[in-house]
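Peer 1: Listed here are the chains, written in short residue letters.
Number of protein chains: 2
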Amino acid sequence: MISGAMLLLRRCCGLTRLSTQRLPVAPAVASCAVRLWSSSGEDQGSYQRAHGPSWRHTAAGLLAGTAAALAYGLHHHKAEQEAAFPIFSQEEVTRHRSLEDGVWVTYKGGVYDITAFVAIHPGGDKILLAAGGALEPFWALYAVHNQEHVLEMLSAYKVGELNAEDLKKQKPIQTSDPYSSDPERHPVLRINNLKPFNAEPPPEILSDSFTTPSAFFFKRNHLPVPQVDPASYQLQVEGLPGGPLTLSLEELKTRFPKHTVTATLQCAGNRRSEMNKVKQVKGLNWGIAAISNATWSGARLRDVLLAAGYGPDVARRACHVQFEGLDKDVTGTTYGASIPLNKAVSEEGDVLLAYEMNGADLPADHGYPVRVVVPGVVGARNVKWLGRIVVSADESSSHWQQNDYKGFSPGTDWDTVNFKSAPAIQELPVQSAITTPADGAVVDRSSGELTVKGYAWSGGGREVVRVDVSLDGGETWQVAQMRSSEKGEAPEAAPPPGRAWAWKLWEITAPLPPGAKELKIVCKAVDNSYNMQPDTVAPIWNLRGVLSNAWHRVNVNIREDESEE
Amino acid sequence: MISGAMLLLRRCCGLTRLSTQRLPVAPAVASCAVRLWSSSGEDQGSYQRAHGPSWRHTAAGLLAGTAAALAYGLHHHKAEQEAAFPIFSQEEVTRHRSLEDGVWVTYKGGVYDITAFVAIHPGGDKILLAAGGALEPFWALYAVHNQEHVLEMLSAYKVGELNAEDLKKQKPIQTSDPYSSDPERHPVLRINNLKPFNAEPPPEILSDSFTTPSAFFFKRNHLPVPQVDPASYQLQVEGLPGGPLTLSLEELKTRFPKHTVTATLQCAGNRRSEMNKVKQVKGLNWGIAAISNATWSGARLRDVLLAAGYGPDVARRACHVQFEGLDKDVTGTTYGASIPLNKAVSEEGDVLLAYEMNGADLPADHGYPVRVVVPGVVGARNVKWLGRIVVSADESSSHWQQNDYKGFSPGTDWDTVNFKSAPAIQELPVQSAITTPADGAVVDRSSGELTVKGYAWSGGGREVVRVDVSLDGGETWQVAQMRSSEKGEAPEAAPPPGRAWAWKLWEITAPLPPGAKELKIVCKAVDNSYNMQPDTVAPIWNLRGVLSNAWHRVNVNIREDESEE
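Those sequence lines, one after another, are chains A and B. Note that numbering that gives the first Met the number 0 has the first sequence beginning at 0, numbered continuously upward. Note that numbering that gives the first Met the number 0 has the second sequence beginning at 0, numbered continuously upward.
Please note that the accuracy of each hint is not assured.
Any copy, or any two copies together, can satisfy a pair, since identical chains are not distinguished.
What the hints assert, rightly or not - Below, a list of computed lysine-lysine pairs in the DSS-like style, where the Cα atoms sit at most 27 Å apart:
1) Lys419 to Lys486
2) Lys519 to Lys276
3) Lys327 to Lys168
4) Lys278 to Lys252
5) Lys419 to Lys452
Calculated directly from the structure, the hints in this document are not laboratory data.
Okay, chain A solo, but in the shape it has when bound (with noise of 0.2 Å):
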């Protein structure tokens, strides 16, 4: 499959260019669309492998309204074709659904041969999901499609028109919006992508509460909130001796013991926006607030995989948990992921199917009524709306698991990569980010002195023992102040060795440096494994944008008092 992909990645680098040839505008055109047309929240980012970075401009500029020349380019190449194009039948274009035998789609009627567009769509291979049928169920699932560009764009790869009566048979196109039942959301956040939703809060939010409120807590998911009836929920445990064991809400609740953890969630992309910066990457284009800090309750998964029959037997042929959320997209595929069974059935691994956030009942946005919270675990792993444990000597299956939450080598492109090379990302790095002041704030001179505030966490149940901060860029370092619990509160005891869920809040207040017109902030952490935070961004840089921990930077002004002057 993958090198199948890797060949035929390369087969359409040439299919590009000679579809350049043919349609001088093309390039541009691609390059914006790749921006729109996407197929999962988390590709939305701009998808620029193919192009130089001149070409971001060019998008630029069509997006800034140049499009005008453009369009009519289409139009005319269009226009000039459309007398010329084929009638296929349904099942001619059925037969076109892999990358050997070209990949086509219809949409409206319109028969597309999509083949040279596969290795370049942002959202990846899903693309094929959609090989040999009708766009348009997809594109409701995936809001980012509905976007003129992105029509623009799909035209450029017309090859015919489906005769009359498949057109006819086609379903009739679900108009609902799959999303249309989600959540209303705190308007706070900063919406990165609106359908499937994924937004962050205000960083300076962040730093105002050990427990971050579950309105503000980041939200990332994936596919549309399922709607899920609690009364007849249940949750499906598979692969241990005891057989099937199903369990209600109710049961869940009442037959296991409510256990609660302080557990900071993360997600793989926080901090992305900083490898943008570097050279564009695949994904949502993530602050530094895609992290956030909550108490969660539940039974433990532990107990229930013991009461399912877990015991060394089990561990002698499986390695891994499975979970499937009842989030799924149009062909019914549901997100999923997987942990290793040791940390799912150790003690001390406190992993928990939760059933309260912050005390309450999950908010549908985190997976009411039952999620997975995984501590030290990067979020992905974390399954919400789950519906189905299986233990098994395989990791998921799932594109999460196996194609996308990996980490590479700043060397390795689109071209290269191999996913298999790479372990799924399950413990995080360590991680510090300055949630204020914001970068390019000014402080005026008469001031004094300055605050600068932040979190800092480390995957794994490494706690962080210290946070190093640099006023100017990194020469000379100071240690900040840290605390595990809300500002005025006794301290929690220190966590066990290796159970630090929590993050930690730091603050420091330096006295402005006499003479300085800007500062150059730095923060650092450390966990109790004594590891560090990379200094720089580009030699972690890597093509999902995953992983982005390098020291953060926040430059500061300072304004001279005008008395003063």
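Chain A is already provided as a structure; the job is to place chain B on it using the hints.
Peer 2: Below, chain B alone, put in the same frame as chain A:
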């Protein structure tokens, strides 16, 4: 204790300045002396805290042979004062055994007030062990003192003579060398300190074999190698409900299953020499080879603790397992360290009471007959010549656990350090280094390509998943090939998650870039928590020079072939 020492440190700086005024040559001599006068091997490095960089050159000049004039100055001073020296009784000397009362010592009938020297003693406050008494037994232990420059330095602190009667009463000086029964060592080792013995293999030997031959395995002793009779050896296990348990070597071997683990040990000071290049630190000037990999066999510590009554009740009151070595100094103080209890008792922790290394009895230098092997944890906790195990609510109170082997911010110096503020190093951060080519090597252009080799490892059982190598100082990166077994042998099965105790050897062969005259080779490793090595040394510099894991850099010159000129 700490704050007392801090106060004194400041007082001493004042005193040093005073003595400088009195004796113009003193600073240079002091700088020389602190390089040489040391109370432990780890502390042999020159300590320049109170001195600017220019002192280093002065010291180097001294060593290169310009000492005569200075020595004259000293002798002149000595001669001037000799007549005036008062006579003290041993009782009077003994009254000066603290920082508050002054620190006096005797040496060959002279009485010395070394109060001002305590704070700048490279061996730390261990010098206080000699307070009020004779230096001779200590200098016999720490042979680094037996040098003329040290004697000259001492003479500057002379305040009197011991009365003849008390001099006669001093115990006959133990002239036998406490290191006389240290084992023979392989001549290939690069000796950092002879007594106690500290040595590392040449780097290129390291990457020759996946399992380091015991003779080449780096040696890091804190004290003389104790002579242990295996027939009468007894291991004490204390702090458990079953009461103290005593095990003979035979019992350890027969009562508990033999368990074998391949584990890499690394000294906290590995690669310290790179920190010394940024700013002088305190400690042995290790290169990149204070790390080695071996196969260890022995009883599981977990099994022994269970036999001694370990259970959930103990887990509720105890947090640490302390180890005491049989190696001791003249006061009877043994080497000691501790690890967290959960690591010691975990089935997945693989902590061994090892009696074999690479399939043979432990060599004398590596802890014969029994040592602790704590996979994934800094060498210093892998206590050799193990005599006693104590399960306790507290960490080891030893110097090495409390006031050494901890990491601090680069902004922390000996005036501001608070050893209580940092956790004792346990798990080490991700590490890698280039073993070949050596820095400064020359490659012929005609060879066409270059092979770079090295090792990579991470603490806490985190598997190294990738090594990136750059030939252009970090601008572009390639991924190295890794191996986890001897060359030509089948690779071992992947370790279970969290139990990757052994390093990986890596190599990469790359064509020589056309036109390049120099290659700036850099390596950096990534572990499966996706922790990366920091880019540069200065921001992780710390006053003890531990945890040196920045990118490793080696520069190589390309020699154009004469035939081509």
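Peer 1: Hints first: check each against the structure and report whether it holds.
Peer 2: Comparing the hints with the structure gives:
1. In this assembly of identical chains, the alpha carbons of lysine 419 and lysine 486 lie at most 27 Å apart only when taken from different copies (24 Å versus 45 Å within one copy).
2. In the homo-oligomer, the alpha carbons of lysine 519 and lysine 276 lie at most 27 Å apart both inside one protomer (18 Å) and across protomers (26 Å), since each shortest distance falls under that limit.
3. Taking the closest pair of Cα atoms, lysine 327 and lysine 168 come within 27 Å of each other only inside a single copy of the chain (25 Å); across copies the shortest separation is 89 Å, beyond that limit.
4. When the C-alpha separation of lysine 278 and lysine 252 is checked against a cutoff of 27 Å, the pair qualifies neither within a copy, at 48 Å, nor between copies, at 59 Å.
5. In the homo-oligomer, the alpha carbons of lysine 419 and lysine 452 lie at most 27 Å apart only across protomers (24 Å), although the nearest pairing inside one protomer, at 39 Å, exceeds that limit.
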